[in-house]
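Residue numbers (my numbering), protein chains in the order written: chain A, 7 to 121; chain B, 191 to 304.
Subject to a maximum C-alpha distance of 27 Å in a straight line, what follows is the list of computed BS3-like cross-link-like pairs (lysine-lysine):
no.	chain 1	residue 1	chain 2	residue 2
1	A	9	B	247
2	B	261	B	199
3	B	204	B	273
4	B	199	B	260
5	B	247	B	273
6	A	9	B	273
Keep in mind that the hints were calculated from the coordinates and are not lab data.
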Amino acid sequence: AQKITQTQPGMFVQEKEAVTLDCTYDTSDQSYGLFWYKQPSSGEMIFLIYQGSYDEQNATEGRYSLNFQKARKSANLVISASQLGDSAMYFCAMRGEWTGNQFYFGTGTSLTVIP
Amino acid sequence: DGGITQSPKYLFRKEGQNVTLSCEQNLNHDAMYWYRQDPGQGLRLIYYSQIVNDFQKGDIAEGYSVSREKKESFPLTVTSAQKNPTAFYLCASSIGAGMNTEAFFGQGTRLTVV
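Only chain A is shown next, with the shape it has when bound in the complex (with noise of 0.2 Å):
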């Protein structure tokens, strides 16, 4: 089974300042995917980084990037110099090699920049 933990129901960071969103999983596949989403209150869900198990080296992606603990199994987001169009919810999903049919999310973090 699949699971994706999101303990942080509601974040708070100052402009400018970094923030690092939880995310711990627990599953049986030898090989998965860890992806992050950002959801504004329009609605829509957009993709941010994605980690594979097996990659070496932490992902990256502009002001985004993904502290991969494997042993841990952890994948926190670190959003680095936040702005304010940074207030959203955010959300862990994974996928597994055996599992991939689906994707597994968390509950979601509320993240409010204050200026």
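Position chain B relative to chain A; hints supplied.
Chain B alone, transformed into the frame defined by chain A:
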């Protein structure tokens, strides 16, 4: 522009009525998904389809039905058997079932039972 189009954006339904949510994609993706989102519960999978004329139940399929007659279309019907249909519904697609392929989402449909 390539993407996923969901319609309508807002939908109101009377109790006891069936209603169909539209989802169209022009990304040439094989896999399509329907998710339901309730506050504090993240996204839960209703149905998914990996190829035309084939679809599988997700975790909360009861009270819902789908069809996949064309690659680009994956409509979702919320039937009167769904006891609590008020929710935000998201349609998504991906190139395939590979673990390294992300899902692309539509704008969502907010369904309210009145």
